[in-house]
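Going down the list, the protein sequences come from chains X and B.
The first sequence begins at 1 in the working numbering and counts up by one.
The second sequence begins at 1001 in the working numbering and counts up by one.
FYI, nobody ran anything at the bench for these hints, they're computed from the structure.
It should be emphasised that the depicted structure is a prediction, and the values quoted were computed from it without experimental measurement.
Hints may contain errors.
To be verified - Once the Cα atoms are required to be at most 30 Å apart in a straight line, the calculated DSS-like pairs of lysine-lysine come out as:
#	chain 1	residue 1	chain 2	residue 2
1	B	K1316	X	K229
2	X	K22	X	K350
3	X	K307	B	K1007
4	X	K307	B	K1293
5	X	K350	X	K261
6	B	K1214	B	K1304
7	B	K1304	X	K350
8	X	K261	X	K307
9	X	K229	B	K1304
10	B	K1007	B	K1316
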Amino acid sequence: MAQPKNFGFGEEAVLLKESAAKFFAENFPTDRLHALVAADSTPNRMPECIWTRDLWQQMVDLGWTMLAVPESAGGIGMPAVAVAGLAEELGRAAFPSPLLGTINATYVLAAAGRGAETALMDIAEGQSATLAITNRQGSWEAEDTDVECSGGKLNGTAWFVQDARKVDKFLVSARTEAGISLYWVAADAAGLRIHPDAIIDLTRDQGHISFENVEAVELTDEGVAALSKAFPAIWTMLAADIAGAAEWLLQATVEYVSVRKQFEHPLGFFQAVKHPLVNVMIQVDETRSLVYNAACAIDTEPGAAVKYAHMAKASASETAAFAASRAVQYHGGIGFTWECFVHLYFKREKHSQLLWGDAAWHRARLADILIVAA
Amino acid sequence: MSINARKDSPQQTEFRQYCQDWLADNHPGEPPVRLPLTALEIMTEDQLNYLQAWQKSAYDAGLIGCDYPVDVGGGGRTDCQRVANAEMIAAKTPFLPNIIGLGMAAPTVLYHASDELKQRLLPRLFSGEDIWCQGFSEPEAGSDLASVQTFAERKGDKWVINGHKVWTSLAHFAEWMILLLRTDKSQKHDGLSYFVVPIRAALGSGVTVRPLIKITGETGFNEVIFDNLEVDDSLRLDEVGKGWQVAMTTLLHERGAGELQTPRSGGLKSKSSHATNAAGLLALARKTQRGSKPASEDPLFRDKLMRQVIREEALKQNQRRAQVPALLDHPMRLALQNKLLSSEIFQDTAALAVEVTGASGSLYLGDENAPAGGQWHMSYMNSYGMTIAAGTSEVQRNILGERVLGMPKSK
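All chains should be built: construct the whole structure from the sequences, respecting the hints.
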């Protein structure tokens, strides 16, 4: 099926993106973010989980957490391009929340068939969730998990779980005799323990989740298929978040170099500063264009979605690293300090760069598709 | 513009069908000569004759100049050139040889010339019967274009021109030149004026065209020397001293950022030519043995190959997103990146192709063992024409930094 020229980015998507931008600008400007999450600068502080539940509840009430839930399960059923628009604004605000986790879980549940319908309804009712499908090595392959299930009980540990302390439910992958199954587990289930990780990113929390004879409801025994089907959306939404955060870094840095003077000129007068910032813009735009292309493929050309989503996340990981690096460098001495807001985005981008596969990983998978297939 | 990408208007729908029908019956077929990669590399009369014949038939059929007014030889349509372009490219037609005329001279003439001049010049420009060239750059005026020194002195209703233009593509075939020159030495930008000059008619009497040889060994561009050439004042575009503003119209369209779509066709390849894009690069890597396996199986090359595939796809998606205002922060942000990105991506793809072929990458056109006949090496060298001409990549980054990001102007 041919993709629509405008990515299918229709009026509802425009309104959603605009209202998200307005919501974050009005309720959560960067100084509020900094005051909230960066109060303690101690390097070896205890892992924290700081966020604003009242704003999260407003987002739930606005329906943002159930955008991707099909209408048949009580959700809104918005196309992925619209969700990507929201994810871009989320990244631009570096907003701490389990929104991406909930959206990720939604795409997996939607791919998991009839057994996942009740879980989708939980999300449609406003519950939050996140994926617990990664092993100790941090493998991004669907087959790899350190959790096992036998006799209906989960044992083992899921690693690198995003926003672990914010969510109501975990979507867990576990090995069974038959292969990989998926499970829907309440965060307060008996035998489940959340071990917070000390991470660099102040706008997220992360943890590893241990399971000791945890009773679990199986969603599907075709776990690899469901995860593989959802991965393009998972990569694309994170890439959208990265693009939004990178645009913030770009604009903040452009503003700074237009004001800060040295040698009788604003820094941006010097091409040693100006040209690399143009390169940042080029990178951000590359990522954004690839994000909307991938999202559109998810909606209208599913057979090409994996390929295009690899491109989007490969590009996004490069953009995350480059935009973060240049923003600190061109803020000069002040950019090296805790008081300057740049480090919040720097850290979110460094985290996002690695999450769900870095650039080299995605390029290697893309090569497997393009070079073998031809 | 609506938030949705353009859907065909009724006029466009009808015109698209017309183009498809016409192209189905009138494709010129396999070229009798090996075609160069672009119009700027046309070297022989045979190549030119074939391409001019194609342009004339496409113009006579109404596929060129569609959006220009009828009284200057255009089609009088609204936003239909993009339709004709898409259909011509889909039909894999030859490219249009009068590239500078169509892309740069035509919009400039339309916006700045007298009605009489428009009616005289544009029909033969569209048909390709008159090839055009551009007299902007000089030995001492490259990126700093406003410092051109070619001078026109007023003598009644005539001007007498002396000076030296360089890098003039197609001048050896051109009837006409768009010419930026100085009419006042006491001012920089405001001392410039803009003319159209019939250089072919003046060869040997005030105009000398000499070929410059490129690093590839090919000709294709020239230097043009003016020695007391007399031209009529009626060939001046806009007012005396307004040359810089007129030149901005030219450059805006050259960068693909003008209001008028440039007529474009293309896609037809000679049998011996190869695709100088990421797909061509992948094909090359598959059939190039490096050690015991093809280069396409080497993880390091695979990574580099995928970088180019991704950049190329992103450029394509940029062009698509540029048509969706809701996904643009600044209206010119993507349009002004286009030339910079396409030239740099092409350059890096060609460089990687040469690298992939290893020791055989040392072989050039004359060697029977050269990979792809040595054309990747030629493409790589020619790519510098693209990153230097029409505003170097450095000038493009200044423009983007200043006009789009709003950073302070650099010297």
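Problem - Hinted pair K229 of chain X and K1304 of chain B, Cα distance within 30 Å - result: 27 Å, holds
Problem - Holds or violated: K307 of chain X to K1293 of chain B, with C-alpha atoms at most 30 Å apart - result: The given pair, whose Cα atoms are some 25 Å apart, holds under the 30 Å limit.
Practice task
Take a quick look at whether K1007 of chain B and K1316 of chain B sit within 30 Å of each other, Cα to Cα.
Solution key: Distance of about 19 Å is within 30 Å: holds.
Exercise for the section: Quickly compare the C-alpha distance for K307 of chain X and K1007 of chain B to 30 Å and report which way the hint goes. Expected result: The given pair, whose Cα atoms are some 27 Å apart, holds under the 30 Å limit.
Practice task
Measure nothing beyond the straight line between the CA atoms of K350 of chain X and K261 of chain X; if it is 30 Å or shorter, mark the hint as holding.
Solution key: Holds, at about 29 Å.
Exercise for the section: Take the C-alpha atoms of K22 of chain X and K350 of chain X, compute the straight-line distance between them, and say whether it is at most 30 Å. Expected result: Holds. K22 of chain X to K350 of chain X sits at ~26 Å (cutoff 30 Å).
Problem - Hint consistency between K1304 of chain B and K350 of chain X [alpha-carbon to alpha-carbon, up to 30 Å] - result: This hinted pair holds, its Cα atoms lying about 22 Å apart.
Exercise for the section: Could you grab the alpha-carbon distance between K1316 of chain B and K229 of chain X and see if it respects the 30 Å cut-off? Expected result: 25 Å, holds
Exercise for the section: Starting from K261 of chain X, check that the Cα of K307 of chain X is at most 30 Å away, please. Expected result: 45 Å, violated
Handout entry: Proposed proximity, K1304 of chain B with K1214 of chain B (alpha carbon, max 30 Å)
Key = 29 Å, holds
Hint violations for this structure: number 8 only, all remaining hints satisfied.
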